[in-house]
Amino acid sequence: MIARILRLVGPERRWLVLAAVLAAATSASGVALVGSASALISRSELVTTTATLGVAITFVRLFAAVRATARYGERYVGHLGTFRITTRVRTWVFDSIAPLGPAVLDDRRRGDVLSRLADDVDELQDFYLRVAVPPLAAGATAALAVVALGVLHWSAGLLLALTLAVVGLLVPLLARRAGRTAASRVITDRAAVRAELAEHLAGIDELCVAGATEDLMERVAALDQRLVDDQTRLDDVRGAVTATIGLIGMTAAAAALVLGASLVERGRLDGVALAVLPLVALTAVEAVAPVTLAAEHLGRTRSAASRVFAITDQTPAVEDPQRPVRPSGGSLTIRDLTFRYSTTDPAVLDGVDLELPAGTVAVLTGPSGSGKSTIADLLVRFREYRDGSIRLGGVELHDMAVGVTRERVALVAQHDHLFDTTVRDNLLLADPDASDGRLLEVLEAAGLTELVRTLPNGLGERVGEDGRRLSGGERQRLLVARALLRDADVLVLDEATAHLDPPSERELLERVLAERAGRTTLIITHHREQLVPVDAVLTLQDGRITTAPS
Amino acid sequence: MSDPRTTFRAVVEAEPAARRPLLWSAAGEVLALVALLAALVLIARGVDAVFVGGRGAAQVLPVVLAVGALGALRALAQWSAARTAGVASAGIRSSLRIRLLDAIVRPVRSAGTDDRRRSGDLLGVVGDSVDALDDYVTRFVPAAALAVSGPVIVFVVVVVLDPWSSLVLVFTGPMLVLLLAVIGRRTRELTRVRLAELSWLHGFFLDLLRGLGALSVANRAADAGARIEEVSRRHGATTMEVLRTAFQTSLVLEWSATAATALVAVTVSFRMIGGGLSFAVALSTLVVVPEFFGPLRRLAVEYHAGQSGQAAWERIGPWLDDGPRPGVTDGRAVGAEVHGVAPLEFVGVTVRRDPEGAPTVDDVTFRIDPGETVALVGPSGAGKSTVVALVLGFLAPDHGTVRAGGVDLGEVDVAEWRRHLAWVPQSPTVFAGTVADNVRLGVDADDDRVRSALHAAGAMEFVDDLDDGIDTVLAEEGTTISGGQRQRLAIARAWVRDAPLVVLDEFTAHLDLLTEEQVLAAAGALLDGRTALLVAHRLQTARLADRIVVLDGGRVVGDGTHDELLSTCVTYRSLVEGRRDGLLAESGGDPR
Numbered sequence: 001m002i003a004r005i006l007r008l009v010g011p012e013r014r015w016l017v018l019a020a021v022l023a024a025a026t027s028a029s030g031v032a033l034v035g036s037a038s039a040l041i042s043r044s045e046l047v048t049t050t051a052t053l054g055v056a057i058t059f060v061r062l063f064a065a066v067r068a069t070a071r072y073g074e075r076y077v078g079h080l081g082t083f084r085i086t087t088r089v090r091t092w093v094f095d096s097i098a099p100l101g102p103a104v105l106d107d108r109r110r111g112d113v114l115s116r117l118a119d120d121v122d123e124l125q126d127f128y129l130r131v132a133v134p135p136l137a138a139g140a141t142a143a144l145a146v147v148a149l150g151v152l153h154w155s156a157g158l159l160l161a162l163t164l165a166v167v168g169l170l171v172p173l174l175a176r177r178a179g180r181t182a183a184s185r186v187i188t189d190r191a192a193v194r195a196e197l198a199e200h201l202a203g204i205d206e207l208c209v210a211g212a213t214e215d216l217m218e219r220v221a222a223l224d225q226r227l228v229d230d231q232t233r234l235d236d237v238r239g240a241v242t243a244t245i246g247l248i249g250m251t252a253a254a255a256a257l258v259l260g261a262s263l264v265e266r267g268r269l270d271g272v273a274l275a276v277l278p279l280v281a282l283t284a285v286e287a288v289a290p291v292t293l294a295a296e297h298l299g300r301t302r303s304a305a306s307r308v309f310a311i312t313d314q315t316p317a318v319e320d321p322q323r324p325v326r327p328s329g330g331s332l333t334i335r336d337l338t339f340r341y342s343t344t345d346p347a348v349l350d351g352v353d354l355e356l357p358a359g360t361v362a363v364l365t366g367p368s369g370s371g372k373s374t375i376a377d378l379l380v381r382f383r384e385y386r387d388g389s390i391r392l393g394g395v396e397l398h399d400m401a402v403g404v405t406r407e408r409v410a411l412v413a414q415h416d417h418l419f420d421t422t423v424r425d426n427l428l429l430a431d432p433d434a435s436d437g438r439l440l441e442v443l444e445a446a447g448l449t450e451l452v453r454t455l456p457n458g459l460g461e462r463v464g465e466d467g468r469r470l471s472g473g474e475r476q477r478l479l480v481a482r483a484l485l486r487d488a489d490v491l492v493l494d495e496a497t498a499h500l501d502p503p504s505e506r507e508l509l510e511r512v513l514a515e516r517a518g519r520t521t522l523i524i525t526h527h528r529e530q531l532v533p534v535d536a537v538l539t540l541q542d543g544r545i546t547t548a549p550s
Numbered sequence: 001m002s003d004p005r006t007t008f009r010a011v012v013e014a015e016p017a018a019r020r021p022l023l024w025s026a027a028g029e030v031l032a033l034v035a036l037l038a039a040l041v042l043i044a045r046g047v048d049a050v051f052v053g054g055r056g057a058a059q060v061l062p063v064v065l066a067v068g069a070l071g072a073l074r075a076l077a078q079w080s081a082a083r084t085a086g087v088a089s090a091g092i093r094s095s096l097r098i099r100l101l102d103a104i105v106r107p108v109r110s111a112g113t114d115d116r117r118r119s120g121d122l123l124g125v126v127g128d129s130v131d132a133l134d135d136y137v138t139r140f141v142p143a144a145a146l147a148v149s150g151p152v153i154v155f156v157v158v159v160v161l162d163p164w165s166s167l168v169l170v171f172t173g174p175m176l177v178l179l180l181a182v183i184g185r186r187t188r189e190l191t192r193v194r195l196a197e198l199s200w201l202h203g204f205f206l207d208l209l210r211g212l213g214a215l216s217v218a219n220r221a222a223d224a225g226a227r228i229e230e231v232s233r234r235h236g237a238t239t240m241e242v243l244r245t246a247f248q249t250s251l252v253l254e255w256s257a258t259a260a261t262a263l264v265a266v267t268v269s270f271r272m273i274g275g276g277l278s279f280a281v282a283l284s285t286l287v288v289v290p291e292f293f294g295p296l297r298r299l300a301v302e303y304h305a306g307q308s309g310q311a312a313w314e315r316i317g318p319w320l321d322d323g324p325r326p327g328v329t330d331g332r333a334v335g336a337e338v339h340g341v342a343p344l345e346f347v348g349v350t351v352r353r354d355p356e357g358a359p360t361v362d363d364v365t366f367r368i369d370p371g372e373t374v375a376l377v378g379p380s381g382a383g384k385s386t387v388v389a390l391v392l393g394f395l396a397p398d399h400g401t402v403r404a405g406g407v408d409l410g411e412v413d414v415a416e417w418r419r420h421l422a423w424v425p426q427s428p429t430v431f432a433g434t435v436a437d438n439v440r441l442g443v444d445a446d447d448d449r450v451r452s453a454l455h456a457a458g459a460m461e462f463v464d465d466l467d468d469g470i471d472t473v474l475a476e477e478g479t480t481i482s483g484g485q486r487q488r489l490a491i492a493r494a495w496v497r498d499a500p501l502v503v504l505d506e507f508t509a510h511l512d513l514l515t516e517e518q519v520l521a522a523a524g525a526l527l528d529g530r531t532a533l534l535v536a537h538r539l540q541t542a543r544l545a546d547r548i549v550v551l552d553g554g555r556v557v558g559d560g561t562h563d564e565l566l567s568t569c570v571t572y573r574s575l576v577e578g579r580r581d582g583l584l585a586e587s588g589g590d591p592r
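Chains A and G, in that order, give the protein sequences. If you count the first sequence from 1, position 171 lands on 171 in the numbering used here, and the numbers rise without skipping. If you count the second sequence from 1, position 345 lands on 345 in the numbering used here, and the numbers rise without skipping.
Mixed in with the good hints there might be a few duds.
[To be verified] Derived CB-CB ranges, DEER-like:
#1 G:ALA358 x A:GLN530: 34 to 42 Å
#2 A:ARG177 x G:SER149: 33 to 41 Å
#3 G:GLU13 x A:THR188: 40 to 48 Å
#4 A:MET217 x G:SER149: 35 to 43 Å
#5 G:ARG5 x A:ARG266: 45 to 53 Å
[As the list claims (entries may be wrong)] Chain G is nowhere near these chain A residues, computed Cβ spacing over 10 Å in every case:
#6 LEU144
#7 LEU162
#8 GLY329
#9 ALA430
[Unchecked claim] Stretch by stretch, here's where chain A covers chain G in the computed footprint (C-beta under 8 Å, at least three residues):
#10 67-73
#11 277-286
Everything labelled a hint here was simulated from the structure, so no lab data went into it. Since the model is a prediction, treat every value here as computed from it, not as a measurement. Just so you know, even glycine gets a beta-carbon here, dropped at the ideal spot from N, CA and C.
Modelling step: build the complete structure from the supplied sequences, incorporating the hints.
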């Protein structure tokens, strides 16, 4: 898993390496500054003229300058790297999901799944700077400090190596083990509070009026208490880790002092170097301490990564055929089509037959949940069908490239999406090369000319998140305009006019049908009154089409 | 963005019981620092004893043991500081969560707060924002406390050790604080820009994910990845431009800290050679000086926790000070008695939800007599839901009064008032629990009463078809029952309450015609003998009423029976004839 997360960043890895090098330079020069400064003072005790201190003073200044500069560079490169890596990870995730089609994300709570995915991707990109870099920097600093003390005397190097191994390896390991239960319980507790709140806040106004809020308060308070208890346990572990590392640092410094003293006593170490031992030990332990935080963070990125990979690793719902065929004409024929969402589910479509000669206008109606939208999904190849046949222009959809099918069939889906950009950009999605004149034509056909004329920025007006700045009716008209711009052989409108009142709905459908004269249009709707003259009215019930063309 | 100091004070004072642990935590941090300084000075003395004094390892052992003991003391102090900060954070968050729920649940909300009430936002505030304060309290607050006291302590120690070296701190310290203040103000703005940028990019990514279907249908999904890359790169470039300057704070801090250490090392060594300074003092000073900057450096590290806590508080704060609430004085309910619900009178009521925009409801006056049913109609945005919110006690008028039975609703405890109400909303919520639990929501009713309510609401039929009748557990969000069944369940809820005033809010909006007829029949029976306000968007619903009040642009433009209004009210006529998106028509799909 970790190797896979690392591979994900590809060439952007250089930023990680650079950040790690700079981080190592920062902490190593910090340790070196302490070492050289204490050596300088020790030497000053023995000499009588400042002239002989030149080298030591230069080192002190050098390490000071390197430390400050490296720290600045580390922060800068770190953030630059995060941006680059973020971009790359997001692009990769999107490119992995795009061929899967929206069906893989289909879930009862699709909105939640998507925001979860976006959050997980954010968490994943935290991995690089917060998990990968600190151990690298700590390792480099530790190695330098151990070598430096080892040069003075091997036993001092060994002492520091053992200490740093405890701080950098053993403590993070133990901390993770001690905190794991509490950490996972905090996550569960938090989810429980959220779930309780989510359920009741949705109906909070009703609970208020019903005077039934006491219960909610009590239950939230109880769940919250559990969350708080578990979090306190986690805080305990964290506090204990900080305290332990501090204690180890101080003990190591004390031990280094004793060791140094006995080495000096036995003439194995120059007294000038004595001060370096405890002070470098203390500073080096501080430099290695962040590894524990990184280890703690690893757990979180791991589960985020596994959720992301679980989505991206799915296989596409539909695939292109070996030798694709191109269809001719806009007739649509469905024969004995049976579909179930999974092998264990009951059949949503159970032997659907439907015949729409090119240029036909048909209404498909039926109670909600009868499978009308499933037919729309199958027509644009969001899902694969196994039993029965769907032919477009005489060619089985299986035998066509998916892209070709989608060129031929335009869909306004029931919960279709408008992007948080301008009217123009939302339309251009359907045809990037369309001129403004052409855009105004389809807007006219969708009855939006008046609106666009009154918008301060016209076509350049932003529509807001999923078109929230438009009214329900305007939003649907814009979606219809986008589909009209496709100029496809077959247009499927899935509840595309549901937010309009009947007179406006009738007017819009009339405009659309006028625009599409001579081409196939399928209008899916849940209500039965017929608003416009059509060639056929089909009713889907219990998985079958029950009304013959009228 | 509000002042960080205000936020700090508000968070710290959010829970009185948390003040003591917070003080203990700060004391622990200070004690840990003092122990560290003492240990450092002792180490320096130990080195001096061996290097200058020529003592052996055995003779420095007491010093070494003392260093160990100080290390243990420091560990204890750190642990206790972390623990008490955790306790404080837990207390603050629990108390805030309950206070927030109380603010949402109990009293009237004031104008201008309407948009906050969407459930996603509420969840974000009560759930995420409150949790986000944990890092603020456990990391940022102690770091901030130490950043104020730590440097002073270190400075005093340096003055005692070597007054000359303290001059270095005298110069670098204030310079540093000054520079930090200047740069800090800029950094705060830059951080805000950066956060906004990041959340914009996050939103852009999410928008594309949400629109995957639309992209696929248009054969454009493959290009979208490239677009993410292009847009992110463009934004990344501008943001880095901004960040380059923001990081100057850290450069200044690091440069000052290291320069001070280096300067002290060099000057001290010169003075030693000059004979003016002992080795012990020189080394002690050298090891203590860097700690002057330690607390500031730590604050810089926790800056992020401070920022996200600040952002969280900006979402929480407004909920907790909504200003004066009607029905509440000094946090306590006022207790005028409710003398019956009717006549229900609106007298010159004005509400301005958007403080800068036009009033949502403008000088509205109308009344509902006892036992009368009045329908409220009008184009969308006419102010219908605001009138309903006023009646339900979610909102208080900016001007004018709403009176029930002659008593101003502003003087009645809102919970008491709501005991006299039943409300059937546009899309009723089905709570996790049994059918019976859902019907007797907030009322103490036995199974027989629940059954008769379901019967009266025309819901018994489908409830009997469920596996366990009224004991059937309905899934979260009530997915197992249809919209029409849900409405009938809500009507049964109103039956069980047996309240004298019934509010029906566009309750057939999402239903098809056949279901609508059934629900209307059930509602008609409920209204019999009660006072009722119903918001109608269809003629059939309006016809349940004795009288119709027409709203347009927040004003009452008509008040009378169907026939009267047809001849007198232009708005009403255009609504009936379907010329306006007022949605009052014989039938319709799913109008907004």
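query: Has the segment 67-73 of chain G got at least three residues whose CB is nearer than 8 Å to a CB belonging to chain A?
result: holds (count 5)
Beyond 10 Å from every chain G Cβ - status for ALA430 of chain A: 5 Å, violated
- prompt: So the hint says 45 to 53 Å: do the beta-carbon atoms of ARG5 of chain G and ARG266 of chain A match that?
  reply: Violated, since ARG5 of chain G and ARG266 of chain A (Cβ atoms, about 58 Å apart) do not stay within the stated range.
message: The hint says 33 to 41 Å between ARG177 of chain A and SER149 of chain G; measuring C-beta to C-beta, is that right?
response: At roughly 35 Å between Cβ atoms, SER149 of chain G and ARG177 of chain A fall inside 33 to 41 Å, so the hint holds.
field: Cβ distance range 34 to 42 Å for ALA358 of chain G and GLN530 of chain A, holds or violated
entry: 41 Å, holds
task: Report holds if the minimum CB distance from LEU144 of chain A to chain G is greater than 10 Å, and violated otherwise.
output: Label holds. Min Cβ-Cβ 17 Å, cutoff 10 Å.
- prompt: Does the Cβ-Cβ separation between MET217 of chain A and SER149 of chain G fall within 35 to 43 Å?
  reply: About 39 Å separates the Cβ atoms of MET217 of chain A and SER149 of chain G, which means 35 to 43 Å holds.
query: Are GLU13 of chain G and THR188 of chain A spaced within 40 to 48 Å by their CB atoms?
result: 31 Å, violated
message: Just want to verify: LEU162 of chain A was marked as not at the interface with chain G; is every Cβ pair farther apart than 10 Å?
response: Fine: 17 Å to the nearest Cβ keeps LEU162 of chain A off the interface.
- prompt: Can we trust that GLY329 of chain A is non-interface, i.e. its beta-carbon lies farther than 10 Å from all of chain G?
  reply: 20 Å, holds
message: Closer than 8 Å Cβ to Cβ for three or more residues is the test here. Does the segment 277-286 of chain G pass it with chain A?
response: Since three or more residues must qualify, the claim that chain A covers the segment 277-286 of chain G holds, with 4 doing so at under 8 Å.
Consistency with the previously given hints fails for numbers 3, 5, 9, ordered from lowest to highest.
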